[in-house]
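Participant: Each chain is listed here by its residues.
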Amino acid sequence: MLMTGRERLAGEIQALAEKYGKQHSALIPIVQEIKQKYRQVDSFAMQIIADQLGIHPVEVYSVVSFYAFLGSQAQGKYIIRLCRTISCDMQGKDRVMRQLENDLGIKFGETTKDGKFSLEWANCMGMCDQGPALLVNEKLHTRVTPEKVHEILEECRRSFGVHATEQKEVHLV
Amino acid sequence: MNTLPTFNSMTPEAGLKKALTLSRPDIIEEVRSSGLKGRGGAGFPTGMKWNFAAAAKGEEKFIICNADEGEPGTFKDRLILQEHADLVFEGMTIAGKAVGAKEGILFLRGEYTYLKPQLEAVLAKRREQKLLGKGILGSDLEFDIRIFMGAGAYICGEETALIEALEGFRGEPRNRPPFPVNTGFLGRPSVVNNVETLASAACILQKGSAWWTSKGTEKSTGIKIFSISGDCQRPGVYEFPMGITIAQLLKEVGGEGAKAVQVGGASGQCIPASQFSRAIAFEDIPTGGSIIVFGQHRDMLDVLHNFMDFFVDESCGQCTPCRRGNVKLLEGIELLKEGKCSMAYLKELCSLGETMQIASKCGLGQSSPSAFLSVVQNFREEIMGRTSKTLSHV
Ligand SMILES: Cc1cc2nc3c(=O)[nH]c(=O)nc-3n(C[C@H](O)[C@H](O)[C@H](O)COP(=O)(O)O)c2cc1C
Ligand code: SF4
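In the order they appear, the protein sequences are chains A and B. Those letters in the first sequence? Residues 42 to 214, per the numbering used here, in order. Those letters in the second sequence? Residues 185 to 578, per the numbering used here, in order.
It is possible that part of the hints are untrue.
As the list claims (entries may be wrong) - DSBU-like mimics (lysine-lysine), calculated; alpha carbons at most 35 angstroms apart, straight line:
no., chain 1, residue 1, chain 2, residue 2
1, B, K300, A, K60
2, B, K314, A, K180
3, B, K443, B, K545
4, B, K300, A, K157
5, A, K180, B, K309
6, B, K314, B, K241
7, A, K63, B, K309
8, A, K63, B, K524
9, A, K180, A, K118
10, A, K189, B, K399
11, A, K60, B, K309
12, B, K524, B, K443
13, B, K399, A, K148
14, B, K300, A, K180
15, B, K399, B, K201
16, A, K63, B, K403
17, A, K180, B, K399
18, B, K435, B, K524
19, A, K148, B, K435
20, A, K63, B, K521
21, B, K443, B, K391
22, A, K63, B, K435
23, B, K318, A, K118
24, A, K118, B, K309
25, A, K60, A, K78
26, A, K180, A, K78
27, B, K443, A, K189
28, B, K521, B, K435
29, B, K521, A, K189
30, A, K60, B, K443
31, B, K512, A, K63
32, B, K241, A, K60
33, B, K300, A, K189
34, A, K63, A, K148
35, B, K314, A, K60
36, A, K180, A, K63
37, A, K148, B, K318
Hints were generated in silico from the structure; no laboratory data involved.
Whole structure, please, built from the sequences with the hints as guidance.
Facilitator: In structure tokens:
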């Protein structure tokens, strides 16, 4: 199983390298696609990317670790990024943060044990006139209130099937 | 509340059609004589930039549109891309003809990934309509545009860091010179322009430079798009002529009675109410268009704290004044909040800020102390000698 998974990943990376051209400037687009699909870019993936582009894996790591949207560690299926910059801050992002942490039982920078949700901070998302704003993967939510947090999470959970939505989300911390 | 009357009033592709009838130097001359200055913050004259790139030696050249829009409080480029993507692409195509570039790249920030499908559709339609590709509108002009997605780094808005990212490296700014107009993407001459700059250039080609210079001030010509947020009744994207005073602007957005206004985002200046008669223009208070209004109840140290957190997080870490300096300023703000900062130490922090302005490698570290310095200068009364009582007013 493990081998075939790795072979498949290697094959995908090879196909991406063909698509973007085997040159250094293809690095970020390739990493973005792998990250988007697997929610992680592990050392095996970085090695294959390096081989394909003819560079050292450390160079891949240096890029992966630099950008907020990349990063080598595993993240959840839904990555929630809450804007923490001044205008969203003044519009009440702290309360949205509290509610997200309460409802998911994790802190910012963490991923739920079931691998479904990650909480991340974002710097200014360009929605300053409609804050607090957050992104769920690529989807934008504006004027988020603590009550709306539940709705947003339920919308995500629906993609996991009926049973998931029925789960009680009681986390006593 | 969003208004872009000038962009709304343009005839589609009229600027491009005009450019196709002009020689390359004539296009550049039109932009140069309009006095258009870069809308991304630095305010470099656009005609001059195009001229440098046109004069640079090289078979291959690039037009790069900077849509990394990450300055806190800025969101006008998002609206321009949502409502006037065609005008931006038209501007890029005109720039392509002017400097002799065949390829354009839109560098779109990762946070705006949701705009990508719509922008790809606009590009596809333009190819269909022969507005992109080979033989544009029956001429011999060749130009196409692709989209590159950023990966979440404010520093990639800096033009050389942006180019590093395009080339697949960490977004660490380069030394300038050489400037991108000579040594840009893949070492080729490249024009990097802000979204609004390119859209404005398309308008100028259509309406003529005299129309542009009839608006704004002598040194800051034309209209400017502002992103206005914070403590006001009608936040949003607004168009005003250059030279508008802060007081006038506050009246338009319902922000009268403000305590201070941050002009130019986190890297800009904090202007107290006593200076609201000052003008927003390159000759007075320059800005990329970010205006954040602070009401009377705001604690200026909270505001500063938020800005310094931002810079500590976004510094690329390449040079010491910025990497360490921002952390020191942040610690200083924490001391001030606790009421534990001596005047001597505050003076030392200010001199550190001034050192950062001189010694940092790029605009991030050169401008990150501005807010700190302007708050210390203008709100000393509020920030010194805090006790738990003074803190509780927020
Ligand atoms: C830290 C930093 C961030 C920047 N971010 C942006 C940005 O998001 N968008 C932008 O157009 N210019 C940004 N700039 C300015 C660019 O370096 C460059 O001057 C600009 O894109 C040139 O375009 P213009 O002449 O049309 O303004 C930034 C500069 C610095 C130092
Ligand atoms: S000033 Fe800051 S962001 Fe710019 S190069 Fe130096 S460390 Fe990097």
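Participant: Which of the numbered hints are not met once you compare them with the structure shown?
Facilitator: The structure breaks hints 8, 10, 13, 16, 17, 18, 19, 20, 21, 22, 23, 30, 31, 34 and 37; every other hint is satisfied.
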